[in-house]
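Engineer: Sequence:
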Amino acid sequence: MSHPSPAPPRTTRRRSASVDLAIAAACVGALLLAIVVTAWLLDESSLRSHAGARLMPPGPDHLFGTDWLGRDLFTRTIMGLRLSLTVGVVTALLSVAVATVLGIAAALLGGWVDAVISWLIDLSIGIPHLVFMVLVAFSVGGGIKGIVIGISLTHWMSLARLIRADVLHLRHSDFVLASRGFGRSEWFIARRHLFGQVLPQALVGFVLMFPHVVLHEAALTFLGFGFSPQTPAIGILLHEGMPHISSGMWWMALFPGLCLLLVVLAFARLGDRLRVLTSSPGQGG
Numbered sequence: 002m003s004h005p006s007p008a009p010p011r012t013t014r015r016r017s018a019s020v021d022l023a024i025a026a027a028c029v030g031a032l033l034l035a036i037v038v039t040a041w042l043l044d045e046s047s048l049r050s051h052a053g054a055r056l057m058p059p060g061p062d063h064l065f066g067t068d069w070l071g072r073d074l075f076t077r078t079i080m081g082l083r084l085s086l087t088v089g090v091v092t093a094l095l096s097v098a099v100a101t102v103l104g105i106a107a108a109l110l111g112g113w114v115d116a117v118i119s120w121l122i123d124l125s126i127g128i129p130h131l132v133f134m135v136l137v138a139f140s141v142g143g144g145i146k147g148i149v150i151g152i153s154l155t156h157w158m159s160l161a162r163l164i165r166a167d168v169l170h171l172r173h174s175d176f177v178l179a180s181r182g183f184g185r186s187e188w189f190i191a192r193r194h195l196f197g198q199v200l201p202q203a204l205v206g207f208v209l210m211f212p213h214v215v216l217h218e219a220a221l222t223f224l225g226f227g228f229s230p231q232t233p234a235i236g237i238l239l240h241e242g243m244p245h246i247s248s249g250m251w252w253m254a255l256f257p258g259l260c261l262l263l264v265v266l267a268f269a270r271l272g273d274r275l276r277v278l279t280s281s282p283g284q285g286g
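For the sequence shown, the positions run 2 to 286 when our numbering is used.
In case anyone wonders, no lab produced these hints; they're calculated from the structure. A hint or two may mislead.
[Said to hold, decoys possible] Between beta-carbon pairs, the in silico distance windows are: (1) 249 x 129: 33 to 43 Å; (2) 262 x 196: 28 to 38 Å; (3) 140 x 62: 42 to 52 Å; (4) 259 x 182: 29 to 39 Å; (5) 146 x 244: 20 to 30 Å; (6) 169 x 49: 49 to 59 Å.
Keep in mind it's a predicted model, so treat the numbers as computed, not measured. Glycine included, C-beta positions come from ideal geometry on N, C-alpha and C.
Make the full structure from the sequences, and use the hints.
Structural biologist: Following this line, the structure appears as structure tokens:
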């Protein structure tokens, strides 16, 4: 009796990576849906100060307790996560756009354009990340604009290098040479031929970049570069809660920090699974 031959190891690994990616995507989707729906259902009156409810520990009335002004910490945490996700999406998209444009331009145009962009990448990577973000955010006046610009201009370099390497390989492809032979401009070649080829790399870069962006948004707001103290942002909640830990009010920093960590780890897991799947050998067939 003949027995069915086992699946090749490469096929088995790829199937396992696909299952892991689907599970990670489902977890991220459920987490995002829970945050958005909960933030929509919450009563924003809980964000107001209540002198009689100051520093209450977690309980049935206040799941995460209250802060030093009597505001419900669960409501502030969910609102802060929604704000962090919004800022994270905007800044990550801007960073990916900068990386894609500069990566394609460096590889396709070459010469002094490639030299200048490569020098800019090396210079930006050489500056400590947080210091660079603070300098950029401070130079543009702080606030939400400072956070978005500061993070966007400090997270594009690694992805730009990867896209540049892909385009260097693609620019000698038959379809690019044929298009250039028909007199097409470099802009036409980049827009019609190369952008679609590097789009999967850009999407993976977006997912991998997102948790770093969210963490750095929290770091900047923790340091005071960003929103007003009344804004329910995760960095502000952590900044307000840290001095109270030694006084026994542990919930003020614990719950916002854990929720931020959960979001970051979920997206980091999704990005890692996506990177494994897209970089697995033999993915083309």
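Engineer: None of the hints should be skipped; say for each whether it holds.
Structural biologist: Each hint, compared with the structure:
Taken as a hint, the range 33 to 43 Å holds for the pair residue 249 and residue 129, whose Cβ atoms sit roughly 35 Å apart. Checking the proposed 28 to 38 Å range against residue 262 and residue 196 shows it holds: the Cβ atoms sit about 35 Å from each other. Here the CB-CB span from residue 140 to residue 62 is close to 45 Å, well matched to the stated 42 to 52 Å. At about 58 Å, the beta-carbon gap between residue 259 and residue 182 misses the expected band of 29 to 39 Å.
For residue 146 and residue 244, the hinted distance range of 20 to 30 Å is satisfied, since their beta carbons lie about 28 Å from each other. Here the CB-CB span from residue 169 to residue 49 is close to 57 Å, well matched to the stated 49 to 59 Å.
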